[in-house]
Amino acid sequence: MSGSIEEFHSKKAGDGYYERLEAELKKLNAELHAFNNITLLNTGGYPFSAKDNLCVEGVETTASSRILKGYVPPFNATAVERLLKRKFTFIGKTNMDEFGFGTFGLNSDEPARNPFNREYVTGGSSSGAAVATSVMKYHVALAVSTGGSISAPSSFCGVVGFTPTYGLVSRYGLLDYGNSLDKIGIISRSASDTANVFDLIRGPDDKDSTSVSEAPKKEKAKKNLFVIKELLKGETQSYFERFCDKLRGLGYAIGEVSVPDIEKAVQAYYIISMAEASTNLAKYTGFKYGYKNSGFEKGYNEFFTEARSNFGVEAKRRIVLGTFVRSSSVRSKYYDKAMKVRALLTSRLSKTLEKGNIIIPAMPILTPKIEEARQMDSVSVYKMDISTIPPNLCGLPHVCFPYDYAGGMPIGAQIIGSHFSDNGVLEFVQEWEKTFKYKFKYDVGAL
Amino acid sequence: MKVGLEIHVSLPTRTKLFCSCKARGDEDGPNSNVCPICMGFPGSKPALNGKALEYAVMIAAALDCKLSKLTSFVRKVYFYPDLPKSYQITQLSDAVGKSGKLELSTGKAIGITRIQLEEDPAKIIRGDEYTLLDFNRSGRPLVEIVTDPDIRSEDELRDFVAELRGILYHIGVDINEELKADLNVSVDGGERVEVKNVTGIKALSDALKYELGRQNALAGKGQEIKRETRSFDEASMKTISSREKESDEEYGYIYETDLTDYDISRLHVPKPVIPGRIAKEYAKRYKASEKAIREQIMLSREALALMDKAKGRHEMNEIIKGIELLKRYGRLQMGYASFEKLLEAVSTGMLIDEKTIGKIEKGESVGSFKRISDAEIDDSIRKMIMDNEKLLKEYGKNNKVFNFIVGKISKEYGVDPRHVSDRLKAVLDEIAK
Amino acid sequence: MEEREFDRLVAICRLKLSAKEREDIRKDIDDIISYFDEVSKVDTGREKEAYHPVEMQEKLREDKVVPFGNVQGLLSNTKTYRFYVVGPKV
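For the protein sequence lines, the chains are A, B and C, in the order given. Counted from 1, the first sequence has number 311 at position 312 by numbering that gives the first Met the number 0; the numbering is strictly sequential. Counted from 1, the second sequence has number 323 at position 324 by numbering that gives the first Met the number 0; the numbering is strictly sequential. Counted from 1, the third sequence has number 27 at position 28 by numbering that gives the first Met the number 0; the numbering is strictly sequential.
No wet-lab data here; the hints were simulated from the structure. Beta carbons: idealized from backbone N, C-alpha and C, even for Gly. A portion of the hints provided could be inaccurate.
[What the hints assert, rightly or not] Pairwise CB distance ranges, derived in the manner of DEER restraints:
1. Y77(B) with K297(A): 18 to 24 Å
2. Q56(C) with E353(A): 19 to 25 Å
3. V329(A) with G221(B): 39 to 45 Å
4. V64(C) with K68(A): 30 to 36 Å
5. K270(B) with N36(A): 57 to 63 Å
6. I124(B) with K297(A): 16 to 22 Å
[As the list claims (entries may be wrong)] No farther apart than 27 Å at their CA atoms in a straight line, the calculated lysine-lysine pairs in the DSSO-like style are these:
7. K297(A) with K88(C)
8. K63(C) with K332(A)
9. K68(A) with K297(A)
10. K282(A) with K97(B)
11. K63(C) with K382(A)
12. K21(B) with K65(B)
13. K1(B) with K320(B)
14. K84(A) with K63(C)
[Unchecked claim] Computed footprint of chain B on chain A; a stretch qualifies when at least three of its residues, placed anywhere within it, have a C-beta under 8 Å from a C-beta of chain B:
15. 25 to 34
16. 167 to 176
For reference, chain A alone in the conformation it holds in the complex:
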């Protein structure tokens, strides 16, 4: 192992390290709300956290939803299990948009705060995972992306967010949002830490029928890069163009491609993810786990309906819309069609990826203030995912990493590879890290 994991082990955290870490985190968490709970399960290992939609045996897991308050899973998610087996130290569950429903991290009763400036959003839905990584010197976060939930907060919080090829990391133990879209990934401070942890958590799992047995290809960073013309828009464009010049100076060839219909990935994504989410959330009925409704005698329909009022408003919106798009009269128009759009866009993107990797901005806007983000209507928020959705919809591996700072706030770009080119995109970011130093406001747990 190289990077900060090796450094951490070479420095030998002494007695009391984990207690101090816990105390410091708890103090900072009162301001930043990165964690839904801080629970040290073991000591002696490199610290890791899990997004609050990943099951950890014996530790409350709520996906930041009131309907899951009190749920204590009797088993570990496979990714968590694999890190515990390798003696990593579990430190807690990170904050998130409820069930992963959000771009800014605001769909939580107590949203996480951006460590660079608390008036600004963290990005979502893996808000707490990005914040925890941004404030901790030695730590990796297990996070989850469905449509950009790793890239968005990584971009706004200035950390490295890796989303692997769909199926490479088992989803067992992940509270489902969109089963055909959900990917467990890693947020860390360096691509080499990520590569090391990725090697430990990936690989087939009999408990997840959609986990694949292919190993990611062994490959170096590709020198040919492509930007997608349709995605070069908005506030971040000028920053991104300067970044491209810098890359050219480093010896990369950057071409421009047009991918017709790429913007429609957003609609296709929201249709598929809401349809799947509305079925996944049907199981929360207020009596077997999590929130317990009272009054069994009132009959199951009323009982369930009452219990389900504990969902937040964005969850309710998505349940209603997801139920609508899969209803028999319109299913082919929305759900089936969206699945076809996914096939089309996957083949179009794959064609470009045969020639090189794709590099695009992570977000079309600079980090907004919390108050600005709260003013946006739903469609405008969904459109913010224009750059993070295409690789997510198509299951392509990608890494979001900081490439610049604007007014003290980090800006991220995404490097995207073809299916199973996970190592290639991580290698690219490792190369980048040799020439660019990331900035952090805190170094909790430094040795």
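For chain A, the structure is supplied; the task is to place chains B and C on it using the hints.
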């Protein structure tokens, strides 16, 4: 009238459909064979039982279905306390099999719409103020057999169930107690009525009888037959209207993306055995009663195996007789070599009882297998009649003497009394002339 | 979306909305649906539905009983009566 069925058959796998919990543990305490998957806990994922898929494919093949090249699952969303995820993982357009048929003993074919694999909900005990749930049953593999509305009478319903039971039996699925069905019944001019959750073969027949009577009575009075869902109450033997309005529900089927497509052609499943078809074929080829063959092989793998080996080498009627004897004495496990000896004994017409079968099984001699000729038996009969003149006068009036002679001669020669009785009748008739 | 259709959907979902939630969802549901309508403009030609983004390899589980080791952990999440899970009346 038109009747269609949706039959749920529980498969005899060791584990549940999507998890490794024990599928059959009726003797175990409530909620002992459970895990996060079959209790629908957040974070759990299904993993398909290969054996259950094999059973479904065998059933679909035996019912002449077109097998889907790739089969896949859907989520059927509805809310009920016994449904752990509030959706059932089942199948629809990519079900294991489609467009099949089952041939009744009369030769008429009943169309099979679909064969689908799905999970059983939990067991629910209804209380006045709450329910109690046992998830041991949750996730047990079921095959649903959906028929076209081709059944036209109670007789056809019974015939269908009997043939289906035979087919399933030879696949290794016994539906005697496990059969659960929904009946769709309509009479001319009336709407379709669904009778849900009928359990057992007898109840199915009773439910249809009641429902036909009810609908015909309404039609006779010129009253409207409403489209509705009813349930069958076994105690009163009546169907009762269910109050739930299904029209407001929306299952919203979507592909189950926690699972994948499954290539059926890669499974190695044995060729289906269709006992009704075999009975027809053997009756024709070996000149024996179809009904008698059917009776022996329908619900007996052993009988069919013995018959298959012996056919062509022995008289079919003697094979049937041999199997009958083994069934009577519970000896169907007999090896083929012994069965051959038994058939030899049968062919001599000798009396075969439990003791004889025991001797055959042990390889002991059961006396001479030399066939005693009818002439020899007839001679003895004549001799006894000569010694006993009054027999002639009593013949036709008194069985006592008749039975005495049959007993005596069958004992003397070790011959089946039924055969002696046939000979005695023949001799007496001859003398009477 | 018609008021009645909206109410029917909410009922199917077993949801109850507060006045504020209802207003919040009602106000942009039509915008979202007309946004979704734009997928029909994409010419998907003869593409088949991609239910997964990556080609899947089917996995069949062996029919071998492996008891879950932590039934107690499952049932401690829920209200039980003599090991039965207690649920609402039907």
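Hint check results:
| no. | hint | in the structure |
| --- | --- | --- |
| 1 | Y77(B) with K297(A): 18 to 24 Å | holds (19 Å) |
| 2 | Q56(C) with E353(A): 19 to 25 Å | holds (22 Å) |
| 3 | V329(A) with G221(B): 39 to 45 Å | holds (41 Å) |
| 4 | V64(C) with K68(A): 30 to 36 Å | holds (34 Å) |
| 5 | K270(B) with N36(A): 57 to 63 Å | holds (58 Å) |
| 6 | I124(B) with K297(A): 16 to 22 Å | holds (18 Å) |
| 7 | K297(A) with K88(C) | holds (7 Å) |
| 8 | K63(C) with K332(A) | violated (42 Å) |
| 9 | K68(A) with K297(A) | holds (22 Å) |
| 10 | K282(A) with K97(B) | violated (30 Å) |
| 11 | K63(C) with K382(A) | violated (48 Å) |
| 12 | K21(B) with K65(B) | violated (31 Å) |
| 13 | K1(B) with K320(B) | violated (40 Å) |
| 14 | K84(A) with K63(C) | holds (25 Å) |
| 15 | 25 to 34 | violated (count 0) |
| 16 | 167 to 176 | holds (count 6) |
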